[in-house]
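Asks: Modelling step: build the complete structure from the supplied sequences, incorporating the hints.
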Amino acid sequence: MKKLATFALAGVMAAGPALADLVIPDLHYRTGAYAAGGIPFSDGYQDYLNLLNARDGGIGGEMIRIVSCETAYDTERGVECYESTKGEGALVYQPLSTGITYQLIPRATADGIPLHTMGYGRTSAANGDVFSHVFNYPANYWDAASVIVNQLLEENGGSLEGKTITLLYHNSAYGREPIRTLETLAAQHGFTLTQLAVDHPGQEQGNQWLTIRRERPDYVVMWGWGVMNQVAIQEAVNIRYPMENFIGNWWAGADHDVEQAGEAAAGYRALNMNRLGDMPVFDEIRTHVHEAGMAAGDGSNVGSVLYTRGMYAAMLAAEAIRTAQEIHGVAAITPAMMRDGMEALQMTNARMEELGMPGIGPEFAVSCEDHGGTGMAIMTQWSGTEWVTLTDFIAPDDSVTQPLIDEDSAQFAAENNISGQCGDS
Amino acid sequence: MFYREAGDFKTSYTDDNQTFPIAFDRYRYYIVLVIGLGIIPFIINDYWANSILLPFLIYAIAAIGLNILTGYCGQVSLGTGGFMAVGAFTSYKLMTAFPWMDMVTITLLSGFMTAMVGVAFGLPSLRIKGFYLAVATLAAQFFLVWLFNKVPWFFNYSASGQISAPERTLFGLAITGPNAEAPVKYLFCFAFVFVLAWIARNLTRGSIGRQWMAIRDMDIAAEIIGVNPLKAKLTAFAVSSFYVGVAGALLFTVYLGAVEVGASYGIQRSFLILFMIIIGGLGSIFGSFAGAAFMVILPVALRNFFAGTLGWDPALATHFEFVIVGALIMFFLIVEPHGLARLWALAKEKLRLWPFPH
Chain A
1 MKKLATFALA GVMAAGPALA DLVIPDLHYR TGAYAAGGIP FSDGYQDYLN
51 LLNARDGGIG GEMIRIVSCE TAYDTERGVE CYESTKGEGA LVYQPLSTGI
101 TYQLIPRATA DGIPLHTMGY GRTSAANGDV FSHVFNYPAN YWDAASVIVN
151 QLLEENGGSL EGKTITLLYH NSAYGREPIR TLETLAAQHG FTLTQLAVDH
201 PGQEQGNQWL TIRRERPDYV VMWGWGVMNQ VAIQEAVNIR YPMENFIGNW
251 WAGADHDVEQ AGEAAAGYRA LNMNRLGDMP VFDEIRTHVH EAGMAAGDGS
301 NVGSVLYTRG MYAAMLAAEA IRTAQEIHGV AAITPAMMRD GMEALQMTNA
351 RMEELGMPGI GPEFAVSCED HGGTGMAIMT QWSGTEWVTL TDFIAPDDSV
401 TQPLIDEDSA QFAAENNISG QCGDS
Chain B
1 MFYREAGDFK TSYTDDNQTF PIAFDRYRYY IVLVIGLGII PFIINDYWAN
51 SILLPFLIYA IAAIGLNILT GYCGQVSLGT GGFMAVGAFT SYKLMTAFPW
101 MDMVTITLLS GFMTAMVGVA FGLPSLRIKG FYLAVATLAA QFFLVWLFNK
151 VPWFFNYSAS GQISAPERTL FGLAITGPNA EAPVKYLFCF AFVFVLAWIA
201 RNLTRGSIGR QWMAIRDMDI AAEIIGVNPL KAKLTAFAVS SFYVGVAGAL
251 LFTVYLGAVE VGASYGIQRS FLILFMIIIG GLGSIFGSFA GAAFMVILPV
301 ALRNFFAGTL GWDPALATHF EFVIVGALIM FFLIVEPHGL ARLWALAKEK
351 LRLWPFPH
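Protein chains in written order, with the working numbering: chain A, 1 to 425; chain B, 1 to 358.
In short, the hints are calculated from the structure, not lab data. These figures come from a predicted structure and were not determined experimentally. Ideal Cβ positions, reconstructed from N, Cα and C, are used throughout, including at glycine. One should not assume that every hint holds.
A few chain B residues facing chain A, derived, Cβ under 7 Å [said to hold, decoys possible]:
1) 47
2) 179
3) 262
4) 314
5) 318
Here chain B is said to cover these stretches of chain A; the calculated rule only asks that three of the stretch's residues, wherever they fall, bring their Cβ under 8 Å from a Cβ of chain B [to be verified]:
6) 60 to 72
7) 81 to 89
8) 105 to 113
9) 171 to 181
10) 403 to 416
Replies: So, in structure tokens, the structure goes:
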């Protein structure tokens, strides 16, 4: 109740009659099997938007109104949340679930509301010519697969000939996304790829790890989410698999994934699409949001891996709103204007520094054709007590991912009778 | 006072055998049809269609299907989710392979395909019963989900294993895909529910239904009086799977639009539909509707009440929803093990005597 009262009071004081005009829904999951990942992300997302409200009076003078809805990572509930919130003038959806994203792509496109699926969702949505309302910058799954292989190439003197890599994946659309890229890369670089699927929710992995123990692959790459990550890391520790050869993608490298195994998991590596560590913006969030009693959660997640990513996502949304306001010259933008803003978004190091999060992501510029950003990612390693950044941003091999994106999006375009939106291409 | 047989004279055998012999029941049924066909299509919006009415109608078909098998024929099945997946993937393959085919044909063919698969998995029921049969159908559930995950032909070799429904029209109106209007989707599902429920109601009143019930009540006695268990059990599996397959196909094509087999047709779906018929009432068509309504509408209503009206934190509201729905399920199982249909029947008995119970 107190939280609500503060909210209302802050709104009345700051904006007067023009109350809360930029509607941003937050389809979060704070319950269910995947809540451990959903909570910090949502906290970061909401806290940053609340910071903009409290500190700057919204964006361009318009207050932001967050409409939150609980999906529990369930696709049907995700659809319900979408239907119940879209009427409020929602500017952008960010469902944090590949399954829900697949549901929302046709619906949101028909309703003219942009989707931002940052590092998840349908990879070929990077082709903006076909997917007019879907954006997956700064990186996607196929980039991630390529970045991991590039990093392994570098460690092995440029050749993976004769190596074996096992992909341990969540048996869902999410986990299957990288398979095609990894198969192409396996053919190109001469390594053997084996695939081990883990069924939802991922607590049962005895068989998979027995196979790994028997076959001793040179590397294990994991596409996991939720409790699957913790279990996999614990199992890897149990069979004494060399942890530095076990690499997760960016959804398998959060604090809660490794904390349970603790010291034993030291050496485990994971990709990340945003930088970690302390940033000036965290202090601002603590002062303006948490101390004012407006924290989205219990406030304990500030600075954790997924909190930072949620905040990064909110920042990208806010910057797109700002860009849209500049393009159209109005403060109260519509979803259509938001889409234009996302398509014209440019992130520069100077801007990120100005926002108090220097170098949080790579520099990138979105265009009509390219909704995917650069696809660069960093490699981080669990030291036993904290995540340490190992590398600078590593670029994926676009010559591998681009043809796959073109092929998949062309198939989607053919199935749904879409002719390119970008005109002259 | 209104609900009674007295004064409602039947002058022919047809009248005497009709589904709703009491006048009040008949009027109520017509009123439901008028509301369903004449009012709802004009006031329905996307939210009502996609959150409440479409899932309710589609789950009602699935619940009727499972009720035929479990409630009328006594064969416990935990493979409903898998059979729904058969329906969904059949429609997907038909929709993509034959773009000219209309949705009614596709949905019916999906039902027939599921019926064949259902009969195949129903064969063990000739030898095993009860819990053992439940385990055999559980195997069907896991096998079918595994199959649709494993063989890329089923999902047209897409990168993610997801299937998504392309746009199809009927009489020039889009039924599937993002451009389908809420009233069209609603009426399409309503038509299927109406026809299938009507058939189910009459099947269960007729000789096949009586054979099923004889098998359910005591299979040896049924065999002695001349019921062929092979025929009775396999027809129950076939009809039930047909319904379940149609529901699975509609769930994918009309309601969700994009589906991932593990998430949408997993074991939890089988349990959901089993809960529906247990809560609604085994061996009752009305119970299938009541159970589907209970499991679909109650969570949404609770969520809207807590998060919308009371303004609670959505996560807290979701936790409370679990608590309340779970508690209500237990309450019903203890107080009325025969489900909502039994409560309805009791209410009707009371109404018949009202206002002069003695």
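Asks: Compare the structure with each hint and give your call.
Replies: These are the hints, each one checked on the structure:
1. A hinted interface residue such as residue 47/B counts as satisfied when its beta carbon comes closer than 7 Å to some beta carbon of chain A; here the least separation is about 5 Å, so the hint holds.
2. With a least beta-carbon distance of about 6 Å to chain A, the hint placing residue 179/B at the interface is held under the 7 Å criterion.
3. Here the hint on residue 262/B is kept, as its CB sits about 6 Å from the closest CB of chain A, short of 7 Å.
4. Checking residue 314/B against chain A: minimum C-beta separation of about 4 Å stays under 7 Å; hint holds.
5. With a least beta-carbon distance of about 5 Å to chain A, the hint placing residue 318/B at the interface is held under the 7 Å criterion.
6. Given as covered by chain B, the segment 60 to 72 of chain A passes the check, having 4 residues with a CB less than 8 Å from a CB of that chain where 3 are the minimum.
7. Under the rule that three or more residues need a Cβ within less than 8 Å of chain B, the assignment of the segment 81 to 89 of chain A holds, with 4 such residues.
8. Check result for the segment 105 to 113 of chain A against chain B: holds, 6 residues qualifying (beta carbon to beta carbon below 8 Å, three or more required).
9. Taking a C-beta to C-beta cut-off of 8 Å, the segment 171 to 181 of chain A contributes 8 residues in contact with chain B, enough for the three needed, and the coverage statement holds.
10. Interface restraint, the segment 403 to 416 of chain A with chain B: holds (5 residues with C-beta to C-beta distance below 8 Å; minimum three).
The structure is consistent with each of the numbered hints, conforming to all of them.
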